[in-house]
Structures are given as C-alpha cells and as structure tokens.
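Residue numbers (the UniProt record's numbering): 1 to 658.
These aren't lab readings, by the way, just hints derived from the structure by calculation. Small disclaimer: the values here were computed from a predicted structure and weren't measured. A few of these clues could be false.
As the list claims (entries may be wrong) - The calculated label-pair distances, taken between Cβ atoms and stated as ranges, are: (1) Glu567 / Gly373: 44 to 52 Å; (2) Ala281 / Ala594: 36 to 44 Å; (3) Ser542 / Ala93: 38 to 46 Å.
Ideal Cβ positions, reconstructed from N, Cα and C, are used throughout, including at glycine.
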Amino acid sequence: MSGKPTSFTRRRSMGAAFVALLAPAEVLVGCSGDSSTPEAADTVLRNGYVYTVDGSDSVQQAVAVRDGLIVHVGSNSSAAAYIGSNTQVVDLAGRMLMPGFVDAHMHPLAGGRALLQANLNYAPLTRAQMQTLIQGFLDSTADQEPDTWLEVVNWDRQSTQSLDTDPTKETLDALHTSRPILVRSSDFHTVLTNSRGLALAGITRDTPDPTGGSFDRDADGNPTGICEDAASWAVSAVIPPDTEADQLNQARAALAQMRKSGITSFMDAAAGDAQGAAFTALQKSGELTARAFFAIQIAPEDAAADPRAAVAAAATLANTYDQGEPQVTPGIRFRHLKLFGDGVVNAPADTGGLLTPYFTNAGTDAEPNWVPGTNTGADYFPPSVLNPLMAAIASSGFDPHVHATGERTVRQVLDAVANARTQVSSTTFRPVIAHNETVAVADYPRYAQLDVMASFAFQWAQQAGYSVGDTQYHLGEDRFQRMEPFGSVRNAGARVGFGSDWPIDPMDEFLALKCAVTRSGDPQNPNSAAYTNPAYTGPINSDPALSRADTLRAITMNSAWQLRMEENIGSIEVGKYADLIVLENNFMLASDEALGRNSVLLTMVGGTVVMGTGDYATLSATLSTSRARQIEQALSWGAYNPYACQCGMPHSTLPRQA
1 MSGKPTSFTR RRSMGAAFVA LLAPAEVLVG CSGDSSTPEA ADTVLRNGYV
51 YTVDGSDSVQ QAVAVRDGLI VHVGSNSSAA AYIGSNTQVV DLAGRMLMPG
101 FVDAHMHPLA GGRALLQANL NYAPLTRAQM QTLIQGFLDS TADQEPDTWL
151 EVVNWDRQST QSLDTDPTKE TLDALHTSRP ILVRSSDFHT VLTNSRGLAL
201 AGITRDTPDP TGGSFDRDAD GNPTGICEDA ASWAVSAVIP PDTEADQLNQ
251 ARAALAQMRK SGITSFMDAA AGDAQGAAFT ALQKSGELTA RAFFAIQIAP
301 EDAAADPRAA VAAAATLANT YDQGEPQVTP GIRFRHLKLF GDGVVNAPAD
351 TGGLLTPYFT NAGTDAEPNW VPGTNTGADY FPPSVLNPLM AAIASSGFDP
401 HVHATGERTV RQVLDAVANA RTQVSSTTFR PVIAHNETVA VADYPRYAQL
451 DVMASFAFQW AQQAGYSVGD TQYHLGEDRF QRMEPFGSVR NAGARVGFGS
501 DWPIDPMDEF LALKCAVTRS GDPQNPNSAA YTNPAYTGPI NSDPALSRAD
551 TLRAITMNSA WQLRMEENIG SIEVGKYADL IVLENNFMLA SDEALGRNSV
601 LLTMVGGTVV MGTGDYATLS ATLSTSRARQ IEQALSWGAY NPYACQCGMP
651 HSTLPRQA
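Build the full structure now, drawing on both the sequences and the hints.
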C-alpha cells in the first residue's frame, strides 16, 4: 500500500545503478519470450541511461516504441531487432531517459493566465518597490484608463510583510491612476485592492466576513484592502470574466510551459467548467500535449447543505467533459474532488488549522517574547461537514484531494477517511492529502495505515521568506522543526507524491526535486530564495530528506497512482504509454548542488515528440495549429504579454498554496 521499493532498491548505490547500465543483453525488461523477429518499432531510443522506475528501479540502455506504446526495454543490442527501414533511431549519447513527469497538483489555467498578465514574478518587494512596478504596468497600458481593472499576479506577500509591512488600499491609492486594481498573492489566498476596487465590490465596514474568509480591518473597523481566502472572491467576482478566447490562450501558454518542463500528465487541483471547456477545446483541435486530469472543487457551504447533492452536482460536471478510459493520445478525465480544508500556516495569514495556537509576540520587535496566542487557524470543512462528505465521496467513484496545511486539519482528514472506510466497506477510493506542511508525529503512520497518499510541493522545504522568520516564530520551534515532513511521512510507510502547485510557485520541477533530496535551495537558481538572499542557503530543518529514487518515484509512479494511471504511465515498462523525457544532466549521478540546475531536452507523449531542443530540436512534432505556434513563440520572446519585462527582477521564491 505504501508504494515502497524493495529493501534492495533502497540500498542501491549510484555505482550499482551504473553497473546496471552495463548489464549483459540477456538482462531485459518485459521480454515476450518470442524468439521470432519482432515487428519494427516507430522509434528506438538507444545508448542511454534509461531509468525505468520499475519495481526494482532498474537501469537499461534502450527503449523501443510502436503505436505510442513501449514495446521493448533492454540493452542496445536487444533493441536492434526493433529497428526497421522506417524506424526513427534516437541516439541518447549517454543521457538519462526517464518517465515523463506527472505533476499531480497544479493550477494550469491560472498558470497560463499569469504568464500573460502584469507579473511581480515572486520578487521580494517593499511597498515602495511594489508601487514603482505597478505604476510601470499602469503606464504601459495607459489606454485602459479610467475603468479597466489592472490585475497584478505573483505578489510575494510574505516577503513584503517581512521586509516592510503589509500594504493597504492606501498603497495603491497613491498611484497615478483612476483604475481599480487587484494584486493577487502568489499563494492565491490573499488579494489587495484599492479604494475603487472595494467600492465596485460593495465592500464597506458593514460587510460581514464570508464563510471561509475575512476582510482585514483597521482599528476603526474599515476594510484595509487586504482580503483573505473567500473574501478575496468577493473582489474577483466584480472583474469582467475572461473570454473563451482568453482562456484558450491561457491553456495554450500553460501547455507550452509544461512541454518545456517535461510534464506529460497533470492534475488541475481546483477545476470547474472553465478548465474543462478550455482544455477539451484544445484536445479536439489536436493541441493537448499532456494528459489532463481535473479535480472539481466543492464549496464548504454546498457540502454543509447536502453532501450527497454536492457530489452529485460534481458528477454532472464531470460527465460533461470526462472522456472515459485513457487512450494513447492525451485526453480529459474528471475523476477527483477538491476540498480546501484550511488556509495556510505561513505568517501573516496563519489560517492553517493547528492543534495548539499560533504564537504571538508579547514583547517588542527589539526584544520579542513569543507566547501562545488564541488563534488556531481555520476549519473550512469542520468534522461535522467533512465526515459525511468523505463518506459520500467514498461511495461515489470519485477520489478526494484535500488541501490541508495544518496538523489539526490533517488529522481531521485522516479521521474522516477512517470513518468513510468503516461506513463504506467496499470503497476503493484513493484519498490524497495535499501539502501536509505540519503533521503531528502521532499521525505519521496513519497515512500508510489508511492508504492515504501524501502529496507535497517539495520546493517548500527550503529556507525562504515564507518559511523562516515570522512563520517560524508563529509556528513555534517544535512545529517549525517538523515543517515539510515528507521524509518522516515516507519513513513511516506512506506513499509520497508530488505537485508543483504552479503558479503558486514558478514552474521549476528540478528545483523542487533538489529540495526533496537536500531540503535546501540553490543560490545559483533564480527561482530559489537562496538566489536573492545568501542567508537562505542551508537546510530548512533537520527532518529527513528523500532518496533520489524515492524523489523520482514521487513525480512519476506515485503521482500516476493518484490519477489511477499506474498501469499506463509512471514507469518505462512494456505495454505502457511512451511518455518519456530526456534530461540534460543525469539526476541519479549529479552532485547534490547541481540537482536543481537541470533541464529537459526532449518530451514525448504517447510516442509523439511534443518538445525537442538542442540535439533533439528536429524531432519536435509540428504543433497542429498556427495559433499554437504563435503562442509558443510569443512566450519565448516575451512579446505576447503587454506587461512583459516590466518587473526586471529575478524570481525570489514563493509563498504558499492552493
């Protein structure tokens, strides 16, 4: 149930893995036993370090592909039998070939949208720096005065709060504009708006806080412009919605980014009709270049009113778009339900549900005295709602995917799963808890006991403005030392998966994988906090890291299990879809320091090359429409976004999660 490799696999050294590369031709994977000459393959990739992620993490030399399926895995000499007159032979020149990345928690439409908007690029900014950049965005689109909303994305609120103080509506009101402005934090849990934005949204001192959110208020009770969680939606709701054409371009931009990153399957972790419509349209036009999975978001109020009706409504939406059993070519599947169990454990929000209160400073900035306060975070799905909802999901055929960052919320989800397994004894559902930033030690073994997968965004296990400093003090030292416990949860027998949570963070799968192995960032990677702050170069804490084998299994086979695709993808084995990537540097042999400085040279989905660069540039399949090519070129040039290059700052890193 845990998805563990064998003890032999765990003891394999890199030297032993390299010996497997040189294994004799008789040591093959997936041989049929048929001595007759096999049918020629469409493609043979040979002379490589083929890391299979099979049951023993074997390393081979060559792979043969026919009709989008893997038909042979073995040595160079054994693969030669699959080379015919029309076979495309790819010389890997010793490079690492592995299964395509399965990013099982992201928000692709929002990610593509961010690529095409005014973007603060996760940079650590003071209020004055924010004002300068946002004024630049306004000046570059002066023709949109006075009434068009300006949306600004990827604001690192935690860094601003740490470097300065939280901005307010007055920060935006001081800009030279009449336009309403919305600035969205990169964790998607907070927005900042100006006075005109509050007025258009009808938010005053008398506006009550919504369920699952709050309006920040000053000493007189007036809204400051900071809107948390569900309160942020009240502002977003008055912005004219994106058109269908906008959403298609956002989806195209997201897929282009995925191809470059080696992502061959993804799950949208908070989806609805807009996501289904956009990606289905691209699938029908031949532009879908990754396998697309969607988790339908269920609102707490709907679940509280009638959990079975909430699940039934999700089923109606799923039936509109789900394309049934998987095929070699990428398709659309709606098989998951998303619940936001709590908020975030990061300061200043402090909305992740904790067992004991967050700490508060009873002293001064110069002489702090951190003592337990009264806030224990949010319960968006309290047990009285969560337990019957989880039981309804367990009997529905859907799989639950629950956002939980705080230890109390994690425990409540585990309790709800235990209750559902008792009530629905025949259930085969596969629960996943996403994020798991703080977990009580007593709950580590419960993931394996209840067959619950723990999905992590590994890049959060680095020192950054969102993790050390205020968040560290608010959590308290004991909880901080257990923050991002993927190593402890894995060592307790759990199946550990991966989701980048893009665009909450920059899409950088290799930085995330590096953090899984070292629990530290990379001062040479612009997407790492250590790039802009040398103080952030060490490990976040002493919780165990993952082995390289476990790390790659998390982003391949284990995430494929989450999607119920482990029989089709996630490893290089005969009969599986040929979803393959070639890496510039060998992840299993590179130094720890270099793990986050890698790149993907070739991405293949269902036997079709959808991205190739360098030596493999000529292998790329032609994208099916001129519009798709235009989007991809525009993203490369930074020309499609009218706000591109306005920021001019390196990426810092990232705050927190959706």
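### Task
Could you tell me which of the numbered hints above are not met by this structure, giving the numbers in increasing order?
none
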